[in-house]
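Number of protein chains: 2
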Amino acid sequence: MSGMRAVCVVGLGLIGGSVLRAAVRAGRPAWGFTSSTSDSEAARAAGFDVRSTVDEAVGEAAAREALVVVAVPLPAVDEVLRTVASLAPSCLLTDVVSVKQPVAEAVARLVPGARYAGGHPMQGRSESGWVSGSETLFDGAAWVVVADEDTDLGPWREAAELALDCGAHVVPTTAGEHDAAVARVSHLPHVLAAVLAATGADGGPLALALAAGSFTDGTRVAGTRADLVLAMCEGNRPALLDAVDDALGRLGAARGALASTGGLAATIRAGNAGRAELMGLRSAERGEVRVDLTDPEAFDDLRSLGAGGGRVLRFDGTVAIADLPG
Amino acid sequence: MSGMRAVCVVGLGLIGGSVLRAAVRAGRPAWGFTSSTSDSEAARAAGFDVRSTVDEAVGEAAAREALVVVAVPLPAVDEVLRTVASLAPSCLLTDVVSVKQPVAEAVARLVPGARYAGGHPMQGRSESGWVSGSETLFDGAAWVVVADEDTDLGPWREAAELALDCGAHVVPTTAGEHDAAVARVSHLPHVLAAVLAATGADGGPLALALAAGSFTDGTRVAGTRADLVLAMCEGNRPALLDAVDDALGRLGAARGALASTGGLAATIRAGNAGRAELMGLRSAERGEVRVDLTDPEAFDDLRSLGAGGGRVLRFDGTVAIADLPG
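Quick note, the sequences are listed as chains A and B, same order.
Note that my numbering has the first sequence beginning at 1, numbered continuously upward.
Note that my numbering has the second sequence beginning at 1, numbered continuously upward.
Mixed in with the good hints, there may be bad ones.
[Said to hold, decoys possible] Pairwise CB distance ranges, derived in the manner of DEER restraints:
#, chain 1, residue 1, chain 2, residue 2, range
1, A, Glu127, B, Gly176, 24 to 32 angstroms
2, B, Ser36, A, Glu41, 57 to 65 angstroms
3, B, Gly262, A, Gly154, 34 to 42 angstroms
4, B, Ser283, A, Gly262, 35 to 43 angstroms
5, B, Met279, A, Thr318, 48 to 56 angstroms
6, A, Ala45, B, Ala257, 39 to 47 angstroms
7, B, Ala253, A, Arg286, 51 to 59 angstroms
8, A, Ala45, B, Leu241, 51 to 59 angstroms
9, A, Glu41, B, Ala284, 28 to 36 angstroms
10, B, Ser36, A, Pro75, 32 to 40 angstroms
11, B, Gly262, A, Arg25, 32 to 40 angstroms
12, B, Met279, A, Glu41, 24 to 32 angstroms
[As the list claims (entries may be wrong)] Footprint (simulated), chain A over chain B, 3 or more residues, beta carbon under 8 angstroms:
#, segment
13, 57-68
14, 88-102
15, 139-149
16, 236-244
17, 255-268
18, 276-290
These are computed hints drawn from the structure, not numbers from a lab.
We treat Cβ as the ideally placed atom computed from N, Cα and C, and that holds for glycine.
Starting from the given sequences, assemble the full structure and let the hints guide the process.
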């Protein structure tokens, strides 16, 4: 039954547009809304059900007990939630916004009756908008579904089923741990790419003419639309500050070592080790883990799974089938 | 005639091994030497002429008036140059080492009679060794050939012809300007990739499990063999210090803005602009420029060309045919 849960996607940019396509691919009834005329026209031209107003889209979600997916940038979340509160106050609700604590706080404040579990598919591109999306965007990707102390199993599983239907695997964690992790592996990369792109361009046409793979790859995400990067990074301010401080500490230590002994070995070897951990995790043998969702400790088990690099691959009745490296 | 100049490549790793292959592809007589048994065996198995000793390789270069290409990491350059000084003291000499001032100083000190112009193909991979190379590695790449005040036209053109024969285009500049530029677009990217990889790995398995394209691309070159990165970065210490200081300044400013106003707009927009300059340079319309190499000001013209993002594409008699963006 939950496999056929209808889906209402609000926001049809790269991520929301890909969720709508992937939900339809999975056979779900699905419709959406976007305030962008160009995204709306493109989605309709491709044959998707795009409503004329957000009220119409959310109203139908209430009538059909659909899962509402908030897929707008963080600064636009409150406005969408106010519509949800007025038209579908107790709906099943998830989101695909790149930070989780601020969204959870907004939901608690604005739609306290919603049956909510936050989500975040870890997949993006430096392009944006409906036209950049695809029904396969999430195939093989990680998709966080927040399992906090106050998350209920019902909405958690609804959001997780959507993620699996979209081709992703589910990583359970808390909102706070999510935000700390993505500050390091998603937001800091954008800040460092911007710093690198600007410092390279300061070298003028000669430097840019000599730029090869290391600079091209290292600055790729600096080409992302600035408003999207700002919404994402500024929305995760405390966690990003910690990550930037760590990076500043490491870069300052490199600077000091280069100036004094001339040696960068500690910096470069730590980077080697970090990259090896990343590649090792991706190629690791993984053992199956089963989590009985009727167990009162189920969420503890799920959070431990996520903390260890594990992921939920499917459900079998009330059991989550997962795997874990090593 | 110069199209058939023989080539002797000392060092058969990724870059040297690719130069040997590309020189043979171009129809040149070419042989090499490497102190690595595995590289030597692999090159011989692929049918290339690899000599048993560096003396034999360099001795034959002297006998055949070959262009000697030094393709070992910076820390091994002096030893190779001592062999060149003893067996081929007035040979045509170039190198493909990633910094140019230290090599130029070593050549002036150890082989003052060499007819030398330094070179640097701006192409690499995070893999290393003979097996990672290919005859097409330099196709379409930039290849710096140093045109300093004391460079002679003869060896400059010999090194440039080799670069063109290898499929690259030639960027003329001074050793100092080269070193400053690559500090920004080649060495700083390695330092920042290392900082990012280590800071991300500090987030544990959860963070690495959530890493997507921005972290994967941003840390790719952190997988390069540490000794190669260290030789490259530590060999360009003064210029890299300047680049690291600029990056520290920009990252510190981002930190301050995030902590005070919460805004990262200046950082992210500067990164956007830098990336746009890079992509703009690559897609720019380019106009043809001809430099008459018999003109006493030819090297000034070539250096101006390089400073403006220009490149030499071929020679027509004593004229260098080049293009320049805009």
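The hints, checked one at a time:
In this structure the hint that Glu127(A) and Gly176(B) lie 24 to 32 angstroms apart at CB is violated, the actual value being about 39 angstroms. Remark: the range hint 57 to 65 angstroms for Ser36(B) to Glu41(A) is upheld by a beta-carbon distance near 60 angstroms. Roughly 35 angstroms separates the CB atoms of Gly262(B) and Gly154(A), a value that falls within the hinted 34 to 42 angstroms. Our hint of 35 to 43 angstroms for Ser283(B) and Gly262(A) holds, since their Cβ atoms are close to 39 angstroms apart.
Restraint check, Met279(B) to Thr318(A): a C-beta distance of roughly 51 angstroms satisfies the suggested window 48 to 56 angstroms. Restraint check, Ala45(A) to Ala257(B): a C-beta distance of roughly 41 angstroms satisfies the suggested window 39 to 47 angstroms. A C-beta distance of roughly 42 angstroms is found between Ala253(B) and Arg286(A), which places it outside the suggested range of 51 to 59 angstroms. A hinted range of 51 to 59 angstroms holds for the C-beta pair Ala45(A) and Leu241(B), which are about 54 angstroms apart.
Against the hinted window of 28 to 36 angstroms, the Cβ-Cβ separation of Glu41(A) and Ala284(B) comes to about 32 angstroms, which satisfies the hint. Range check, Ser36(B) to Pro75(A): about 56 angstroms between beta-carbon atoms, so the 32 to 40 angstroms window is missed. Judged by the Cβ atoms, the range 32 to 40 angstroms given for Gly262(B) and Arg25(A) holds: they are separated by roughly 39 angstroms. In this structure the supplied range 24 to 32 angstroms holds for Met279(B) paired with Glu41(A), their Cβ-Cβ distance being about 27 angstroms.
Only residues whose C-beta sits within less than 8 angstroms of a C-beta in chain A count toward coverage, and the segment 57-68 of chain B has 0 of them, not enough to reach three; the restraint is violated. Beta-carbon proximity to chain A at under 8 angstroms applies to 0 residues in the segment 88-102 of chain B; the threshold of 3 is not reached and the given coverage is violated. Evaluation of the coverage hint for the segment 139-149 of chain B: fulfilled, as 3 residues show C-beta separations to chain A shorter than 8 angstroms, against a requirement of three. Remark: the segment 236-244 of chain B is confirmed as covered by chain A, as 5 of its residues place a Cβ nearer than 8 angstroms to a Cβ of that chain, reaching the required three.
Here the segment 255-268 of chain B counts 9 residues with a CB under 8 angstroms from a CB of chain A, which clears the bar of 3, and the coverage holds. Only when three residues or more bring their CB closer than 8 angstroms to a CB of chain A does the claim for the segment 276-290 of chain B stand; here the count is 5, and the claim holds.
Taken one by one, the earlier hints fail for this structure at numbers 1, 7, 10, 13 and 14, listed in ascending order.
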